[in-house]
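Visitor: Here are the chains, one letter per residue:
Number of protein chains: 2
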Amino acid sequence: MRTYVLDAGNKKPLYEQLYHAVKEDILAGRIPGGEKLPSKRALAEHLNISRVTVETAYEQLLAEGYVISRPRSGYYAQSLPTLPKAIPEQPSAVFDAAPSLPSASAGHFPFSVWARLMRGVLLDHRDQLLQPPPNLGLAELRQAIARQLRRSRGFDPDPGCIVIGAGAEYLYNILIQLLGREHRYGLEDPGHRKIARVYEANGVSVAAVSLDEQGIDMQALRSSGAAVMHLSPGHQYPTGIVTPIGRRGELMAWLAEQPDRWLIEDDYDSEFRFSGRPIPTMFSMDPVGRVIYMNTFSKTITPALRISYMILPKALMAQYHEKLGFYSCTVPSFEQLTLAKFLDDGYFDKHVSRMRRHYRVLRDEFLSQLRASSCADRITVQGHEAGLHMLLRLQTPLSDEETQTRLAQAGVRAAALRQYEMCPAAEGQQGIMVVSYSDLELGQLPRLIQVLEQITTQAS
Amino acid sequence: MRTYVLDAGNKKPLYEQLYHAVKEDILAGRIPGGEKLPSKRALAEHLNISRVTVETAYEQLLAEGYVISRPRSGYYAQSLPTLPKAIPEQPSAVFDAAPSLPSASAGHFPFSVWARLMRGVLLDHRDQLLQPPPNLGLAELRQAIARQLRRSRGFDPDPGCIVIGAGAEYLYNILIQLLGREHRYGLEDPGHRKIARVYEANGVSVAAVSLDEQGIDMQALRSSGAAVMHLSPGHQYPTGIVTPIGRRGELMAWLAEQPDRWLIEDDYDSEFRFSGRPIPTMFSMDPVGRVIYMNTFSKTITPALRISYMILPKALMAQYHEKLGFYSCTVPSFEQLTLAKFLDDGYFDKHVSRMRRHYRVLRDEFLSQLRASSCADRITVQGHEAGLHMLLRLQTPLSDEETQTRLAQAGVRAAALRQYEMCPAAEGQQGIMVVSYSDLELGQLPRLIQVLEQITTQAS
Numbered sequence: 004m005r006t007y008v009l010d011a012g013n014k015k016p017l018y019e020q021l022y023h024a025v026k027e028d029i030l031a032g033r034i035p036g037g038e039k040l041p042s043k044r045a046l047a048e049h050l051n052i053s054r055v056t057v058e059t060a061y062e063q064l065l066a067e068g069y070v071i072s073r074p075r076s077g078y079y080a081q082s083l084p085t086l087p088k089a090i091p092e093q094p095s096a097v098f099d100a101a102p103s104l105p106s107a108s109a110g111h112f113p114f115s116v117w118a119r120l121m122r123g124v125l126l127d128h129r130d131q132l133l134q135p136p137p138n139l140g141l142a143e144l145r146q147a148i149a150r151q152l153r154r155s156r157g158f159d160p161d162p163g164c165i166v167i168g169a170g171a172e173y174l175y176n177i178l179i180q181l182l183g184r185e186h187r188y189g190l191e192d193p194g195h196r197k198i199a200r201v202y203e204a205n206g207v208s209v210a211a212v213s214l215d216e217q218g219i220d221m222q223a224l225r226s227s228g229a230a231v232m233h234l235s236p237g238h239q240y241p242t243g244i245v246t247p248i249g250r251r252g253e254l255m256a257w258l259a260e261q262p263d264r265w266l267i268e269d270d271y272d273s274e275f276r277f278s279g280r281p282i283p284t285m286f287s288m289d290p291v292g293r294v295i296y297m298n299t300f301s302k303t304i305t306p307a308l309r310i311s312y313m314i315l316p317k318a319l320m321a322q323y324h325e326k327l328g329f330y331s332c333t334v335p336s337f338e339q340l341t342l343a344k345f346l347d348d349g350y351f352d353k354h355v356s357r358m359r360r361h362y363r364v365l366r367d368e369f370l371s372q373l374r375a376s377s378c379a380d381r382i383t384v385q386g387h388e389a390g391l392h393m394l395l396r397l398q399t400p401l402s403d404e405e406t407q408t409r410l411a412q413a414g415v416r417a418a419a420l421r422q423y424e425m426c427p428a429a430e431g432q433q434g435i436m437v438v439s440y441s442d443l444e445l446g447q448l449p450r451l452i453q454v455l456e457q458i459t460t461q462a463s
Numbered sequence: 004m005r006t007y008v009l010d011a012g013n014k015k016p017l018y019e020q021l022y023h024a025v026k027e028d029i030l031a032g033r034i035p036g037g038e039k040l041p042s043k044r045a046l047a048e049h050l051n052i053s054r055v056t057v058e059t060a061y062e063q064l065l066a067e068g069y070v071i072s073r074p075r076s077g078y079y080a081q082s083l084p085t086l087p088k089a090i091p092e093q094p095s096a097v098f099d100a101a102p103s104l105p106s107a108s109a110g111h112f113p114f115s116v117w118a119r120l121m122r123g124v125l126l127d128h129r130d131q132l133l134q135p136p137p138n139l140g141l142a143e144l145r146q147a148i149a150r151q152l153r154r155s156r157g158f159d160p161d162p163g164c165i166v167i168g169a170g171a172e173y174l175y176n177i178l179i180q181l182l183g184r185e186h187r188y189g190l191e192d193p194g195h196r197k198i199a200r201v202y203e204a205n206g207v208s209v210a211a212v213s214l215d216e217q218g219i220d221m222q223a224l225r226s227s228g229a230a231v232m233h234l235s236p237g238h239q240y241p242t243g244i245v246t247p248i249g250r251r252g253e254l255m256a257w258l259a260e261q262p263d264r265w266l267i268e269d270d271y272d273s274e275f276r277f278s279g280r281p282i283p284t285m286f287s288m289d290p291v292g293r294v295i296y297m298n299t300f301s302k303t304i305t306p307a308l309r310i311s312y313m314i315l316p317k318a319l320m321a322q323y324h325e326k327l328g329f330y331s332c333t334v335p336s337f338e339q340l341t342l343a344k345f346l347d348d349g350y351f352d353k354h355v356s357r358m359r360r361h362y363r364v365l366r367d368e369f370l371s372q373l374r375a376s377s378c379a380d381r382i383t384v385q386g387h388e389a390g391l392h393m394l395l396r397l398q399t400p401l402s403d404e405e406t407q408t409r410l411a412q413a414g415v416r417a418a419a420l421r422q423y424e425m426c427p428a429a430e431g432q433q434g435i436m437v438v439s440y441s442d443l444e445l446g447q448l449p450r451l452i453q454v455l456e457q458i459t460t461q462a463s
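Chains as they are written, first to last, in this note's numbering: chain P, 4 to 463; chain W, 4 to 463.
It should be emphasised that the hints constitute simulated quantities derived from the structure, not laboratory data.
Please note that a few of the clues may not be correct.
The list makes no distinction among identical chains, and a pair is therefore deemed to hold if it is satisfied within one copy or across any two copies.
As the list claims (entries may be wrong) - With a straight-line Cα cutoff of 27 Å, these simulated BS3-like cross-link-like pairs (lysine-lysine) come out: (1) Lys326 / Lys302; (2) Lys26 / Lys43; (3) Lys353 / Lys15; (4) Lys14 / Lys353; (5) Lys197 / Lys302; (6) Lys43 / Lys14; (7) Lys26 / Lys15; (8) Lys39 / Lys26; (9) Lys302 / Lys353.
On a predicted model such as this, the values are computed, not experimentally measured, just so you know.
Full structure from sequences and hints, please.
Guide: Here is the structure:
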């Protein structure tokens, strides 16, 4: 009978030491397959340990399949295929890069209000917090969103057609599954590169659809072969184009021509229109029920909050229930309840109008300092009527990389328009920079103007 | 000049009333495309309103594209394509069905501890809560998960290879994008139907792979043409089979034969092994770096918490960074920080061992009452060594539907094994029920035994 050296002072219990020792013997072939193991009683006496210890070790070996048990006979070693030895992996250094720098806008978020609402939800909604939210999202939040859109966007969606999801990227994934992979998906060019990456990662056919000064170029759309067009007519990213009513009519006509055409209206920063009323959505003027509305709270509240939603036309909602209704909601009830209260109690409206004011003051001050500067006639500003970004067209001999570096040195995060192009224009797009308001502070403006003067002065 | 009736007592501001009136005139063709609008000054005098009011209305019409502005000339109505009128949708009745009934286990969750940790996170992590989490998830949580697995599962994963996501279904979606759509995906049959639905919704080719008493039937796997096998070797759902080491070796050999084969090890309820040590993972014995480990906190903590994770082999992790690294993390920082503390402070271990004890007492009491009952020899229990469910094989003439109804009347949620079959067996599977522990309470057992006696007595 084999002898195993067991150490009662070891941190590992005796049964575990025995289990390991026998397992190693079986794996190494020292106990060949088919051999009967000593009886529990005999081994316990031999090793001077309790029978329960042997039994526990044997049961573990049985559970993992190293031995089999034959009733009224005992335990037998299994014949095992030679298991290749695991190669220990080197720990990887691939930890994430640091998250993006704290953006200025985060400081404006009414965190103490949010924290108070969260504490209230913890106190008042214990039972709800322990249950999974309904698959489409909590009714409380879907109703609050519908009320919010009624107040701020002037349309009145059916809460039953709202689907809550953990971020816009997640919802794009779901939409591809809903609308189908056989379609070609049209994307605005230039546009948000991340959107293209989601479609590409999903392996669907993608077409870059170029823009003219009114948004989607209808000719380009028609020749692209796209059946689904993903667009942001309220304030295109990054050009800032607001699609006028005439072009919207043309898009609607295109939509109505074929039964399998769809528009995905990405209304990601519509809340930040600086004057007048918000631009009506295409969803609300859709006569054929084939515009899907999408929006997110990442831009308006904080990017740490990953709550987005889409509103489906009624017939499509029925298909959603059938095909994808099984998907669990990806947003915790806790955030959903807090956000519902934040919306219903008016904090969202207050926060958005405060931020809108903040961005407008920034924009106005920037425009006025720019006009007073020596580079006023070398810079054209575009897309600054709304949203969180604007385009600067600079007359400069510098490369876009150099311009970007100089702006970064002034603490301004900017990117060349070219970086947003899927099919880069052959020429002529140099010197157009996309600047985000959310990164700017009033105090930075004089330095920014100075840098812009330097960048453009070298033109002369 | 047209006259518009504006009402200063109306809730809508004057400019908005004017904007609507002019817009309607343009849409209806009463102001034809190309017609010059009255100057701001003239219209203001005509309507006896301020010039700013007219200007604001005109600017809104301009922004939405109903008019264009010609410098030093004025505003002109646009020629518009006829916009089809929107058909108002009937509000849909399609609200979600009620979420599943509160499960007994929810009551065992240490909610007050969780709430206290949440309040602590709110106080101490304000800045972190305002920033988006890193794409793979917070380092705090990934390290806490690695430590947890070292303690409880006996392997030592690299936190840099852990990806956090909002639920297992979300991660399945991501895995398909990572491994590729060209593969056929093998699924255990019988198995969790929802997993099949996710793969089907993604439009990838799926093969049902039948099981024998050791788990995946190797013959069936080989003839299925699957390159990726999704399996739960630790405790298969719903059969409860624990795949023994011999079969694991065969699976590893299959994996090593071709470079594009993968195993997805779904370890969804491994924490609830009732005796001995946990069964080692296949991930930890993988010599070729092609086992992906997945687990979720929905089963162990509460289904309201939608946090799951996967651990990728190092080479696959590098591919993830390249192909899918752009995806934002779908879980709020708030839940991630709270869970990290819950794990690190030992609450998770305590909760899991309390629940394990709870389920074991339930199981033991059920088995002992069953043995003492008159139907002991008509019922075989299987898969009850671990996990949150067991199989009952009943000798009964009743249909599965009838058996299920009678069990439901005793307050026990059970489902026929057949409902989990992708390719239903021609015969012989009748009378096998899957019963979940998390729905049972001790007090229900006498009634359950009584119902089982009735169900099986009718066999004689």
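Visitor: Provide an ascending list of the numbers of those earlier hints which the structure does not satisfy.
Guide: Hints that this structure does not satisfy do not exist here, as all of them hold.
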